[in-house]
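Participant: Residue numbers (the numbering used here), protein chains in the order written: chain A, 54 to 150; chain B, 381 to 699; chain X, 2 to 394.
These are computed hints drawn from the structure, not numbers from a lab. Everything hinted at is true.
Selected chain X positions facing chain B (Cβ under 8 Å, derived; list incomplete):
#1 Val-57
#2 Ser-62
#3 Gly-69
#4 Leu-213
Backbone N, C-alpha and C fix where the C-beta goes; we use that ideal spot for every residue, glycine too.
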Amino acid sequence: MKPKGWKEVAPGAVITEAGSALKFKTGSWRAFKPKWIEENCIQCMFCWIYCPDMAVKAKDGKRAEFDYDYCKGCGICALECPGKKGNKAIVMEEEGK
Amino acid sequence: MATPLSLKELSKKEVLLTAGHRMCSGCGAPPVVKMVLLASDYPVVASNATGCIEVSTCISEYTAWKIPWIHNAFENAAATLSGVETMYRSLKKQGKIDKEIKFIAFGGDGGTYDIGFQSLSGAMERGHDMLYICYDNGAYMNTGIQRSSATPFGADTTTCPAGSVIPGKLQQRKDLTKIMAAHGIPYVAQASPSSWSDLMKKVRKALEIKGPKFMNIIAPCNRGWRSRTDDAILLSRLAVETCYWPLYEIENGVTRVTVKPKEKKPLVDFLKPQGRFKHMFAPENEWMLKQAQEEVEKNWERLLKEEAFTAPKEEAAKE
Amino acid sequence: MPKIVAVTGNEAVAEAFRQVNPDVCAAYPITPSTDLMQRFASFVNNGKVKTEMILVESEHSAMSACIGASAAGGRVITATSSQGLALMWEELFIASGTRLPIVLGLVNRALSAPLNIHGDHSDGMGARDCGWIQLWSENGQEAYDNTIQAFRIAEHMDIRLPAMTCMDGFIISHSIERMEYLDDEAVKNFAGEFRTLNPLLDIEHPVSYGPLILPDYYMEFRRAHAEVMSKVSKVVLSVAKDFEKISGRKYGLFETYRLEDAEIAFVILNSAAGTSKDVIDEFRNKGIKAGLLKPRLYRPFPYEEVGEALKHLKAVCVLDRADAFGASYGPLYIDIAASLYPYKERPLLINKIYGLGGRDYLPEHAELVLNELAETAKTGKVKTFKEYIGVRE
Ligand SMILES: Cc1ncc(C[n+]2csc(CCOP(=O)(O)OP(=O)(O)O)c2C)c(N)n1
Ligand code: SF4
Ligand code: SF4
Ligand code: SF4
Ligand SMILES: [Mg+2]
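My request is simple: use the sequences and hints to build the entire structure.
Facilitator: Shown next as structure tokens:
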């Protein structure tokens with residue numbers, strides 16, 4: 054996109070498009086990638102509430118896939134995941150592996 | 381009816397802070413904002429002091445906010461919001477607005493304990509109908525981890541580095557939560573993202589009360605605390621379990637500890653995983669660990685006494 | 002029907018604020034503007050206005066709250082002086098950069114140190130480059146008229162900038178003079194309904210105020226602000242025309258007094274222009290062609306128009322009631338020099354610093370300077386380019 058000239062910038066720098074940050078994908082920051090192991094998931098939704106990057110999707114009150122467009126790979130979800138009988142439902146893997 | 385405070389139900393709501401913000405990976409602040417916004421079923425207008433949250437959520441044409449939001453400067457999130465809230469009252473009285481709107485200010489510890497303290501104190505004293513949320517990460521993180529009056533005793537920061545003569549910060553933290561309670565405002569609370577339900581209950585309660593409210597919420601910063609990117613929630617939990625960061629509320633003068641650790645962990649459990657306290661574990665700095673632990677004991681005991689002392693006598697008897 | 006009254010400058014500006022009836026006012030006391038806000042507060046507490054008042058704990062918070070209230074979507078006022086304006090400094094830039102049409106009544110006063118509560122222009126001059134509109138006023142009537150017009154100028158959809166109206170502390174703010182108040186109805190209609198632009202309180206359309214702007218865009222925003230500034234004088238003139246219709250009083254970008262055929266002239270702001278005009282009349286009676294230019298719109302400064310108005314003169318003295326330390330000349334002088342620079346044929350230009358911290362500006366001072374100007378015009382020689390007058394050696 055061509056950068057805007059001074060005649061086109063918004064008066065007072067006010068942003069009128071709420072949530073426009075979604076256009077800024079932060080997934081490329083990731084060094085480690087969380088992997089969801091669905092069979093170990095007890096649907097506690099801790100990963101959803103604790104994720105700093107809104108990168109755990111939820112659908113109809115249930116955990117859905119990761120949103121790798123934004124996930125920064127911090128590993129909070131994996132650390133907090135209780136999993137099933139001591140088996141984590143999220144594991145971190147090196148990115149690109 | 382308000383959304384039940386279950387993660388299943390909450391996850392059906394839209395999170396009004398979007399992805400695409402530029403806080404560091406694993407930052408403890410976004411979960412705090414997320415929980416605060418999820419807790420409200422009312423429309424919210426927010427102000428934000430300069431600091432990590434502000435700088436990373438609204439850059440150029442990219443805003444992560446799906447609510448009306450204003451950043452003015454570093455020291456005036458409270459004063460700015462008091463203007464917004466007053467305009468709301470004025471327009472409501474004139475019949476130009478009819479919606480019920482809630483007002484929430486977000487400020488870091490620097491923007492709240494230090495440079496924004498006067499503005500906060502003034503807004504609270506004036507009685508504006510707003511909730512001020514301090515996300516306390518214990519230093520000026522956005523400008524590179526400088527000491528604030530919220531920095532814990534002993535911590536190594538870039539302006540009070542652990543040197544050979546002065547081993548980090550030598551002063552104890554300012555107890556801002558208590559100072560805000562001393563303003564005599566109807567609701568003051570301390571919370572932690574690790575106890576999401578407690579945090580959200582407090583936000584809900586605060587929003588139902590008319591007048592000025594203050595919440596202090598611990599928000600681990602892996603950059604400044606020199607810890608891992610995955611431990612923000614873990615550390616905020618350890619802060620609670622060691623009684624470094626007690627979870628309590630003061631509602632109309634009545635103090636209530638909302639989460640009491642089953643067994644109180646030693647403070648070192650909280651300090652050890654953080655690089656900013658590493659020097660305190662050197663043999664010559666043993667006194668620092670001791671002093672830090674003593675301070676926690678003292679504050680915790682005082683809090684319990686306060687709880688007992690302020691408990692409503694008659695009701696307690698009835699029960 | 003307009004009403005003839007005998008009131009102080011502060012009373013008059015408070016009356017203008019009452020008649021415009023803003024939605025929110027946030028203010029903090031400081032001499033000599035305190036009295037203005039006290040009067041307005043009594044309008045609030047006696048139900049004479051719909052305004053909600055925020056009695057903040059500092060001027061920094063006053064301007065911060067004004068910014069919040071203005072962004073929320075309504076008409077906002079404040080007033081201050083001196084240290085108060087200085088404490089607002091950071092916020093002044095934020096108000097203008099965010100394009101919020103706040104109206105501020107500035108009662109000009111000296112700056113510390115040394116501490117002094119009396120009139121001079123150091124406060125307003127210190128804020129001249131903050132991106133605000135500044136209208137300066139010779140007397141209570143002008144302060145009243147400028148205040149009413151300031152809303153229309155600031156809130157104009159092509160402008161949306163904050164505006165401050167300036168009048169001299171004590172000399173005008175606390176002196177009773179005869180003036181004319183307009184009808185409440187006339188002022189109300191003149192000011193009109195406030196029009197919102199991206200109001201925060203519109204929860205259906207959530208907006209974000211105050212983003213971080215990186216080097217890739219910062220300059221574009223500043224350039225856009227500069228462009229808006231360049232449109233102000235046109236709006237000032239059109240608002241003045243409308244104002245003349247309801248008041249019969251004429252306003253321009255500046256006032257000229259016996260300037261057209263003059264050979265020597267003063268350029269002077271605010272109350273001291275009055276004394277100067279009287280002395281100019283005396284000199285005219287003696288056959289000396291003296292005149293005066295009194296800027297009204299000081300920011301943005303109408304360089305071209307001022308240059309055109311002064312270029313034909315032989316010698317001009319700019320009298321500054323503030324010094325720009327280290328800049329060699331007073332702030333007004335610097336602007337006049339810049340206005341005249343494009344002309345090959347231009348008057349000799351000298352600068353006098355007068356009246357600091359409430360020091361009297363007397364007819365003798367004006368006489369002395371006019372004599373010096375007459376001599377300069379005759380000989381083409383300048384005695385001193387800049388000096389303090391009315392100061393003990
Ligand atoms: C008046 C002023 N002084 C200093 C700064 C520089 N500054 C910006 S953010 C900041 C630190 C913020 O610390 P805190 O409030 O704790 O928030 P954090 O960055 O830790 O989230 C500082 C010192 C500023 N923007 N304005
Ligand atoms: S790794 Fe971090 S950013 Fe990615 S989904 Fe898990 S918690 Fe969210
Ligand atoms: S934290 Fe683990 S168990 Fe809980 S919902 Fe997420 S993946 Fe499933
Ligand atoms: S520096 Fe700390 S507080 Fe700031 S974004 Fe990074 S982790 Fe969060
Ligand atoms: Mg901080």
